[in-house]
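Q: Here the sequence shown is numbered in our numbering, starting from 1 and rising by one per residue.
Hints in this document: simulated from the structure, not taken from any laboratory. Warning: the hint list may mix true and false statements.
As the list claims (entries may be wrong) - Each computed EDC-like pair below joins lysine to aspartate or glutamate, with the alpha-carbon atoms no more than 20 Å apart:
id: 1; residue 1: Lys86; residue 2: Glu66
id: 2; residue 1: Lys32; residue 2: Glu66
id: 3; residue 1: Lys79; residue 2: Glu66
Note that this is a predicted model, so its numbers are computed, not measured.
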Amino acid sequence: MNGSADFIDRNVIGWGNRGWLDIIDFILEVCKNGSLKTHIMYKCNLNSKQVERYIQFLLRCRLLDEVKTVEDSKRQLYKTTDLGRKYTGRYKELAEIFN
């Protein structure tokens, strides 16, 4: 993950009024049982460009996995990994501290 901080600075921060950590947590929650990109986009209130950037970032960080719905299909589910579940657990612990 060399340069991941640079990627975050350039491509994630500043994508709207919500904090990028909040958005990541929400995406990971939506994807716990698997979700299509369009479902992530609508449930997280992101546009297609934003959702693509977040998904690519989360895939590189191994917080999400791509799962084909059917072998020959281009449709893919995105599913939260064990590492992603760890992130959401810790994120909620921190949120409790600050609330």
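Q: Each of the hints needs a verdict: does it hold here or not?
A: Hints and how they fare:
1. A threshold of 20 Å between alpha carbons decides the hint, and for Lys86 with Glu66 the separation of about 18 Å falls inside it, so the pair holds.
2. For the given pair, Lys32 sits about 12 Å from Glu66 by alpha-carbon distance, which is consistent with the 20 Å threshold.
3. Restraint check for Lys79 and Glu66: the C-alpha separation of about 6 Å stays at or below 20 Å, so the hint holds.
Violated hints are absent here; each numbered hint is respected by the structure.
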